[in-house]
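Residue numbers (the UniProt record's numbering), protein chains in the order written: chain A, 1 to 179; chain B, 1 to 631; chain C, 1 to 130.
Calculated directly from the structure, the hints in this document are not laboratory data. Cβ coordinates follow ideal geometry from the N, Cα and C atoms, glycine included. Wrong hints could be hidden among the right ones.
[What the hints assert, rightly or not] With beta-carbon atoms standing in for the labels, derived distance ranges:
#	chain 1	residue 1	chain 2	residue 2	range
1	A	85	C	97	21 to 31 Å
2	A	164	B	592	51 to 61 Å
3	B	592	A	161	48 to 58 Å
4	A	151	B	599	45 to 55 Å
5	C	97	A	164	27 to 37 Å
6	A	161	C	87	20 to 30 Å
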Amino acid sequence: MTSETPGFWPPSGPEVVFLLLGVVALGSALLVVTTRQLVHAALWLVLCFGALAGCYLVLTAEFVAWVQVLIYVGAVVVLLLFGIMLTRAPIGRSADLDSGNRWAAVLVALATAGVLLSVVVAGFGAAYAPLDPGQGAAKPLGSSIFRTWVLPFEALSVLLLAALIGAIVISRTDIRGRE
Amino acid sequence: MIPVVALIVLLPFAAAAAGLLGSRWPRGGSRTEANDRAAARRAAWFAIAPGTASLLLTLWLAVWSARASGSGGTAFWAGLLPGSTEGTLTVVDTGSVPISVTLRADGLSILIGVLVVVVALAVQVYSVGYMRDDPRYASYSAFISLFTSAMLLVVYAGDLIVLYAGWEIMGLCSYLLIGHWWEDRANSRAAVKAFLVTRLGDVGFLFGIFTLGMAAGSFRIDAVLSADIPTGTLITATMLLLAGVAGKSAQVPLQTWLPDAMAGPTPISALIHAATMVAAGIFIVARLYPAFLGAQPTLDVLGVVAAVGMLGAALAALAQNDLKRVLAYSTISQLAYMAGGLAAGSDKAAIFHLLTHGAFKALLFLGAGAVIHHVGSNLMSHMGGLRTSIPFTFAGMTIGFAALMGLPPASGFFSKDAVIAAIEHSHSPAQPFLYAAALLTVGVTGAYAMRAWLRTFFGPSRVEALPEPEPGTAHVFDGREAPRSMLWPIGVLAVPALLLGFADVAEVDWGSALVSLIVGLLGAGVVYTFWRGAPHQDPARMLGPFRTACERAFYVDEAYRAVFARPILRLAHGVVRTDRQVVDGAVRGSGRLTMGLSGVVRLAQNGNAQLYVTGLLAGLLLITVAAVVLG
Amino acid sequence: MHIVYPVVVSALLFSIGVYGVLARRNAILVLMSVELMLNAVNLNLVAFDVWLRDRLHGGQVLTLFVIVIAAAEIGLGLAIVLAVYRNRRSIDVDRLRDLAEGDAPEVSPQSEVSPGRVAVGEDADREAGS
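Excised from the complex, chain A in its bound form (with noise of 0.2 Å):
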């Protein structure tokens, strides 16, 4: 956007940074998806969320990073540990986490990270932008969302509020349907 675009090498500070977080997110994903044990896994996608509410920060967007510590560090893990829990999962090693399907799940996921990265390479590879502290604040993303996007919000906590209503008929046992 701006006139004078620098190149990849050497690398300024934030960038650097990002990297680095990319790097731990990207390992702890993998280890989630190739753990032996069930609850390692939920505990190294802490750790990827974690990394990745970093990234967020170093792209300026803090209110997203905080709401992702909050929500998805602090809710969902807990709720996929409660999870875990409930379906008397083992503690320790299980050897048969993964299925049969693996070696066509490898070929796809390679394939589908060949054709992303060639065309996010192909289509953004000089794309720059300088970052801009400020711009993620809740001020400003809070005066967006009540101003600009407020139905879509009301129509999303009507959402979430199906879906917790959903979720508990699901799950009590002495709720049953109409005969």
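Take the given structure of chain A and dock chains B and C to it, following the hints.
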């Protein structure tokens, strides 16, 4: 005069339509007894009134023709009925040879027309009594009317295609009426057989018409007869026509349907299978006689066919036990006489015999119907000694048998003599053969007529009340003479059967007549001697070991069955098997193949949702890559 | 900041999520992988929002929405997984094969069953009527 001719043809047709559509209208469907009776009464009126009108118009036409002073041409009827008329109603443009819907009335048509309407009316009146309790009388009488109309159309047609239309409708009516009592499987089989066999001949007939029409450039009979057609074409055409003639007139080799056609009601046998329809073949030859005269080989073939047919059928008649079959074979034999007369070059003798035969054979059949009505059986072994119980029928049938044997003064004597004289004086290469066959047949005719007469009316009475009337001969024994409506036609027909011969008394060749009379009496005498010796037994036993062969009509049916029917049936079975195994097999096989292939494909649908998603994503990627690479 | 960095990280994260969805047997692990994919999308949204300098912050707002929807989804998903576990004593997705095609029935069962059912129904009606 053409409107009159058209009226003569159309009146019976209207009667048929009215009988079929109107006899139950408007009270319609409810089949109560009273309704049935009313419908039958109305159908009888529908049948008889137009028939009478048609008869009166025909007689008027005959009177007009006799008084007319037209030249009439050189044909034999020119002296008697010189007047002739012809009118074209419309011309159907076909793109090639046009079809002119033409009616024509000349001496020949009027002669045959009188025969047809008289016999048809007699049969209609007779049927009122004979079919009294038949639930399908209405359709029966309507079909007779339709048949009469078709025959009149053949007779008065001035165009070969129009003639063919009538010809085919007659075949259809014959089929319908033979199968009138179709509840019995044998009757419907006989109807189908008659239909198919005559149809076989009709194919040849149609192509013969086409050949003549193409060669002459017109289907009009006048134009065909006056056209200059090469001899080769003429021979081909007449040979083809001969196939149709053999089919309709039940000549060798297509004669097998006629005896089986006796399954129909007896009046039908009298009308269609003795007096009129079978005469149509002879009529066609006479109508197109100049063309046949131009094709001598055809006439020779006709002569051989006639010689074989007359003797063979007479011998077959000698051995039959069924009275109606005797008369049926006798019809074949007598028709062969007419064909022989034509082959010998005398259309006059043939038509004369056709007229007298029409009268006396109708008389014989109606009398046989009265006998059967009385006895409740067709078989002569159930009859005997009937002369006292049904004297009127006895008298009528005696005249008929006398005419059949050729005893003077009955009409058959004169007409048969004319035919034999014509054969004697002919120059055909087949003449010696034909003449020998004709004389022999006179003897055999005398024999079988005598046998039938004696077995039916003389000797000890074998009449017994049958326990249960069979379907098809559904008349219980009531021991009385037939009702009056049946006796009147017999009486009326006895007059021409007895006297018609005197129309030509001037031209009798007394020498040959004496010879044939002696031969005929000889045959009758032999039978009488045998019968005299043992009145209980069938005189046919004099045939000895030959008898079975005669009774089965020389195994012609069996031979046809072995030569044509069985191979065709086998072929049909083969076709069915091929259809079932190859054609259906291909269809079922493709179905099974599809099922098998889908079974293979179904293996992918194993319920593992992960596999589905994998496939989904892989496909999506492939499409994306393909869109990028190809697009 | 070169936009290609976050976008590449996002693409790789998404592919890892795809692998997890396709290869993991435990339904909860599958849900986790879905979360990974959602997060990849989130990262993408934030990166492009920064790049495009959107006045309305559409990207970041949509990220928030996605997070909310992900929360709802995980709640419902876990409820379903628990229901399945209650019924089946197993949450291995490749062992839940009720979707599988049976052994090729030649005739559709309905055509055989329905006449009988109709007859039964008629009988029932008649009995009810009488």
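Verification of the supplied hints:
1. A:85 - C:97: 21 to 31 Å: Holds: the Cβ-Cβ distance is about 26 Å, inside 21 to 31 Å.
2. A:164 - B:592: 51 to 61 Å: holds (54 Å)
3. B:592 - A:161: 48 to 58 Å: Check passed, 55 Å falls within 48 to 58 Å.
4. A:151 - B:599: 45 to 55 Å: holds (52 Å)
5. C:97 - A:164: 27 to 37 Å: Holds, since residue 97 of chain C and residue 164 of chain A (Cβ atoms, about 31 Å apart) stay within the stated range.
6. A:161 - C:87: 20 to 30 Å: holds (27 Å)
Every hint, counting from the list given before, is met by this structure.
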